[in-house]
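All the letters of the sequence shown, read from the start, carry residue numbers 1 to 279 under our numbering.
Hints may contain errors.
[As the list claims (entries may be wrong)] Restricting the straight-line Cα-Cα distance to at most 20 angstroms, the calculated cross-link-like pairs of lysine to aspartate or glutamate (DMTMM-like) are:
(1) K17 <-> D71
(2) K17 <-> E48
(3) K166 <-> D140
(4) K17 <-> E84
I should point out that these hints are in silico values taken from the structure, not numbers from a laboratory.
Predicted model only: the values in this text are computed from it and were never measured.
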Amino acid sequence: MSTDAPRRHALLEITAKSLRAARPDDRGFVRPKALGSFDVVVGPASVERALAILAQLLEAASQQGIRFRADRESWNSVAQLAGETISLRLIEDKARSKHKLTTDERAYTKADLIFRRIPEWDYSPSGVLAFQVTEPGVYDTRRRWGEGRRGPLEAKIPSLLDGLRKIAEAMAEARARRAVREQEAQERERRESERRIRESKVRSFQDAILTQVAGWDSATRLREYVEAVERKAAAGGPGPTIELVRWSSWARAVANSIDPLARPTTPWEMDVPEWEPAR
1 MSTDAPRRHA LLEITAKSLR AARPDDRGFV RPKALGSFDV VVGPASVERA LAILAQLLEA
61 ASQQGIRFRA DRESWNSVAQ LAGETISLRL IEDKARSKHK LTTDERAYTK ADLIFRRIPE
121 WDYSPSGVLA FQVTEPGVYD TRRRWGEGRR GPLEAKIPSL LDGLRKIAEA MAEARARRAV
181 REQEAQERER RESERRIRES KVRSFQDAIL TQVAGWDSAT RLREYVEAVE RKAAAGGPGP
241 TIELVRWSSW ARAVANSIDP LARPTTPWEM DVPEWEPAR
């Protein structure tokens, strides 16, 4: 007995017990309700055959290192192989026939109550079984194995297992492509972030140097203005008054406070960005 035989037996046992006890829905299909069941949707007449096919699948998969389990969170049955998880189900196709009016529907029709929607078709189990891959995201591979002129579903199990390997390979390749795209997107974002930071530093430097120029220009003009006031005062009297001296001192202090050349640090000690302006 293989190491996963108890697990396979438990999956089959839970599925069989729940499927056999299930009640048909309004279309005549049953499915297991127990947690830990394989995802099966068939007609009551196909229950035993579906369980036999499932047992055959689990045995063949085990011999090839493929494990099946029931996902307790999503309620999907999944195959695990090559590091991938692929959800799939065993289903019975629906047979379609022209809808037969019920007694109530005949009454509605006779009373001309058009607001009552009457279906055009009736659906019921067809007796035709199939495995359907329900895993999203990989659509360029085969996803369905049914029965027909080429044989019953029991004979399609080797093809199904081979198809699951191809799907696993496609999923791995798709994930690798996504990883490359994500890495490229991250690299673009990194370069864009660096560009934004660089441009921000350039704008900050430009604003700072233009502020320095404006401060230097205002300080220079203020000193010239102080000198002009002092010359006018000297021309009109014997000498500077206390008020003029105080005013001149304050005015020169204001000039020094806005003059970048009067500060302890020199303008060229600024953090210059790695950028050269257009010439």
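So, going through the hints one by one against the coordinates:
{"no.": "1", "hint": "K17 <-> D71", "result": "holds (18 angstroms)"}
{"no.": "2", "hint": "K17 <-> E48", "result": "holds (11 angstroms)"}
{"no.": "3", "hint": "K166 <-> D140", "result": "holds (10 angstroms)"}
{"no.": "4", "hint": "K17 <-> E84", "result": "violated (29 angstroms)"}
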